[in-house]
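Peer 1: With the sequences and hints as input, model every part of the structure.
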Amino acid sequence: MEASYITRYHTLEDTHWWFLGRRDMIRRLIREFPKSSEILEVGCSGGPMMEILRDDGFTNITGIDINEKAVDICRKKGLNDVMLASGEDTGLEDQHFDVIIASDVIEHIQQETMALTEWKRILKKSGKLFIFVPAFNFLWSAHDTANIHYRRYSKKSLAEILQSSGFIIERISYWNFILFFPVCIARLFQRIFCKSGNKRGGQLHRSNSLINKILESIIKFENTYLDSGKNLPVGISLFAIAKKR
Numbered sequence: 001m002e003a004s005y006i007t008r009y010h011t012l013e014d015t016h017w018w019f020l021g022r023r024d025m026i027r028r029l030i031r032e033f034p035k036s037s038e039i040l041e042v043g044c045s046g047g048p049m050m051e052i053l054r055d056d057g058f059t060n061i062t063g064i065d066i067n068e069k070a071v072d073i074c075r076k077k078g079l080n081d082v083m084l085a086s087g088e089d090t091g092l093e094d095q096h097f098d099v100i101i102a103s104d105v106i107e108h109i110q111q112e113t114m115a116l117t118e119w120k121r122i123l124k125k126s127g128k129l130f131i132f133v134p135a136f137n138f139l140w141s142a143h144d145t146a147n148i149h150y151r152r153y154s155k156k157s158l159a160e161i162l163q164s165s166g167f168i169i170e171r172i173s174y175w176n177f178i179l180f181f182p183v184c185i186a187r188l189f190q191r192i193f194c195k196s197g198n199k200r201g202g203q204l205h206r207s208n209s210l211i212n213k214i215l216e217s218i219i220k221f222e223n224t225y226l227d228s229g230k231n232l233p234v235g236i237s238l239f240a241i242a243k244k245r
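So that you can map any letter, position 90 of the sequence shown is 90 in our numbering, and since no number is skipped, the others follow by simple counting.
Bear in mind the hints are in silico, worked out from the structure with no lab data behind them. Glycine is no exception: its CB is placed at the ideal position from the N, C-alpha and C atoms. Honestly, I wouldn't trust all of these hints.
The list that follows gives simulated cross-link-like pairs (lysine to any residue, SDA-like), each with its CA atoms no further than 25 Å apart [as the list claims (entries may be wrong)]:
#1 Lys155 x Phe221
#2 Lys155 x Ser173
#3 Lys120 x Gln163
Taking CB as the label site, the calculated pair distances span [to be verified]:
#4 Thr15 x Asp56: 18 to 24 Å
#5 Arg191 x Asp56: 40 to 46 Å
#6 Lys35 x Asn80: 16 to 22 Å
#7 Leu210 x Ser36: 36 to 42 Å
#8 Glu68 x His96: 19 to 25 Å
#9 Asp94 x Ile168: 17 to 23 Å
#10 Gln190 x Thr224: 27 to 33 Å
#11 Thr117 x Ile178: 31 to 37 Å
#12 Gly166 x Ile52: 25 to 31 Å
#13 Asn80 x Cys194: 41 to 47 Å
Peer 2: And the structure:
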């Protein structure tokens with residue numbers, strides 16, 4: 001990521017509607033796991049998801065991130081089981097984790113199969129991977145470039161890479177359906193009227209508090225629908241639950 005974007009990311013990740021909504025969905029997806037489960041968050045950033053899991057009573061939570069500032073922020077929060085490591089080479093022991101969470105991580109990794117193979121190695125037999133990724137290459141924008149994304153995914157492409165890396169798909173769905181069509185229109189507008197390219201960095205900005213709350217409520221309403229077991233046909237993002245084969 002661009003340095004300025006990393007700073008902005010750490011400033012906003014605790015309060016921005018997007019992150020709040022995504023963490024709410026992850027929390028719903030893993031709540032049935034025993035509190036003693038060994039959980040790893042790959043790309044833990046400043047630790048807000050780890051804090052939620054800790055507050056929910058999970059007792060064995062580990063985080064890794066490639067950014068030293070992120071690790072430092074976590075440790076200042078009392079999240080001591082956090083280390084500097086990459087998704088492709090975690091340095092963690094074989095078959096140790098019941099759960100791995102990777103939220104918007106794998107699109108940053110050029111050799112995605114290396115990361116998935118590594119995560120399979122450190123998962124216990126029948127351990128589960130919870131993964132979020134950006135959806136649809138036609139939604140590519142300057143935001144992806146600023147974030148150093150290598151790709152966006154479709155349901156088909158995500159399923160194929162997970163299965164070829166030794167995982168069994170248990171569930172796969174698009175996420176953030178409600179904002180999908182406005183974002184499509186906005187990206188089309190950018191392509192037509194900004195032919196020289198959108199020079200702005202990532203599209204992560206502090207929202208008006210009322211707008212932030214409204215968008216958070218919209219996403220959480222959608223999460224409630226997904227929590228019933230139903231899936232969505234399109235969305236800005238995509239998530240999957242995959243079991244180690």
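Peer 1: Of the hints given before, which are not true for this structure?
Peer 2: Hint check: nothing fails, all pass.
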